[in-house]
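J.: Sequence order for the protein chains is C and G. Letter 24 of the first sequence, counting from 1, is numbered 24 in this note's numbering, and no numbers are missing. Letter 231 of the second sequence, counting from 1, is numbered 231 in this note's numbering, and no numbers are missing.
FYI, nobody ran anything at the bench for these hints, they're computed from the structure. Be a bit skeptical, because a hint or two may be false.
Reference excerpt, derived from the structure (chain G facing chain C, CB under 7 angstroms, subset only) [unchecked claim]:
no., residue
1, G95
2, W218
3, R302
What the simulated footprint calls covered on chain C by chain G, stretch by stretch (three residues with Cβ under 8 angstroms from a Cβ of chain G suffice, anywhere in the stretch; the number is not a length) [claimed, not checked]:
no., segment
4, 30-40
5, 56-65
6, 119-125
Heads up, the beta-carbon is just placed ideally off N, CA and C, and yes, glycines get one too.
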Amino acid sequence: MTQPSAEASTATDERPIRVLIAKPGLDGHDRGAKVVARALRDAGMEVVYTGIRQTPQMIAEAALQEDVQVIGLSILSGAHLGLFPRVVEELKSRGVDDVLLFAGGIIPADDVAEVKALGFQGVFGPGTDTRDIVKFVREHAPRRT
Amino acid sequence: MDADELVDALLAGNRRALARAITHVEADSAIGREVLRRIYPKTGRAQTIGITGSAGAGKSTLVGALARAERARGRTVGIVAVDPSSPFSHGAILGDRIRMQDLTSDPGVFLRSMASRGNLGGLSEAATGVVDLMDAFGHDIVLIETVGAGQDEVEVATTAQTTVLVANPGAGDEVQSMKAGLMEIAQIMVVNKADLAGADTAVAQLRALLAIANLQSWTPPILKTVAKANEGIEALVEAIDLHQAHTRSDEHAVAERSRHVRGQIIALARAALHREALEAASASGALEALVDEVAGRRRDPRSAALELLDSLRATWAASGSSFGPPRSKS
């Protein structure tokens with residue numbers, strides 16, 4: 001049996017997973033966020049990238065409007081324990097309760113448990129193989145339609 | 001939420017319901033189709049504006065500036081921003097929100113990013129559905145931004161009531177290439193980044209092209225903007241208002257409405273036919289058999305294409321599908 005063409009398969013296969021990659025807070029380095037965004041795109045996902053210096057409100061509002069299944073937050077400033085709970089709160093207040101959350105950047109080992117307790121199912125530090133993130137998202141993203 | 005709940009919540013102004021309905025329409029799900037069928041009578045109030053032009057022309061920045069101007073006069077704004085999908089992975093990076101960050105916290109603005117998802121012809125199908133949802137939701141104006149590279153993308157912008165074509169100074173050859181059809185689809189021409197050298201030349205080139213275009217009752221104005229600095233936006237808003245008044249005037253409203261709706265129906269039919277044909281051709285194995293013959297030079301690709309159509313007609317006739325030519329026997 002020959003493979004159906006790539007064109008034909010996109011018509012019938014499940015829709016691409018939609019992901020929001022955002023950088024909360026004030027640090028201005030988004031190399032890591034962009035690498036992850038690109039890896040997810042190359043894995044066939046549709047990645048909404050919002051840029052740097054996002055407030056928790058902006059992130060939650062973007063997630064609502066874009067109806068993403070997955071939100072990845074990248075943070076290097078050390079303010080994760082201040083900002084992540086506010087993102088979660090803003091999502092809840094908008095009724096966005098069916099998304100997969102993961103975090104990346106500089107998150108000290110001592111804080112990982114607390115971040116996970118907030119609902120972030122994955123925490124990926126420096127040196128993570130992007131294939132692990134792709135696998136994580138594929139396995140855990142909630143279905144939409 | 002099922003279709004009933006989605007329609008009720010959407011019409012009641014629930015933004016989350018709008019977002020979820022868009023997801024269904026984009027996926028062309030049964031719920032999505034039902035929602036669109038139900039809300040269509042509530043559409044037609046919004047002004048729909050398509051913005052197209054080459055990558056890097058400043059479309060996102062211009063759309064952001066337009067949205068701010070519309071908000072300043074108290075109107076609510078829906079934005080559909082289409083970015084290309086990778087032809088290799090089918091994934092996409094949707095980056096239009098970067099240029100419109102301030103609009104994210106404005107409850108009077110709803111921005112949805114869409115990937116073009118290849119050349120299946122489904123883009124306009126989905127995007128016009130999304131525009132209908134935003135219209136029914138109650139947005140006063142809906143801006144549709146697409147990269148003008150590829151028929152589908154251009155088609156999306158032209159399904160709007162008013163299409164704005166964005167060009168840049170110094171893009172002489174690019175302006176030349178617009179001769180082929182693009183000139184005829186735009187009702188407003190914008191030379192953005194007009195602070196760069198060559199803006200007046202670009203305007204002159206566009207004017208020269210317009211002089212040989214096949215114009216109907218409307219002559220497209222050619223405007224200069226510097227979207228980043230918010231320059232020329234007032235004039236653009238005015239031009240859009242003028243064209244909208246023109247399309248809604250007693251003299252032209254009927255013809256414009258027909259033009260708009262005809263384009264939509266053709267685009268939707270084309271997309272559905274394209275998809276159905278591709279699915280049938282790949283499911284029946286007819287395509288692969290022909291590929292082998294043509295690859296072996298035992299047959300030419302043109303007669304193979306006609307043969308493929310013949311076999312699709314036979315398949316459709318046998319399956320009682322609603323597509324294809326009328327069947328002679330029952």
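J.: Evaluate each hint against the coordinates.
T.: Consistency of the hints with the structure:
no.: 1; hint: G95; in the structure: 5 angstroms, holds
no.: 2; hint: W218; in the structure: 33 angstroms, violated
no.: 3; hint: R302; in the structure: 19 angstroms, violated
no.: 4; hint: 30-40; in the structure: holds (count 3)
no.: 5; hint: 56-65; in the structure: holds (count 6)
no.: 6; hint: 119-125; in the structure: violated (count 0)
Of the numbered hints stated above, those contradicted by the structure are hints 2, 3 and 6, listed in ascending order.
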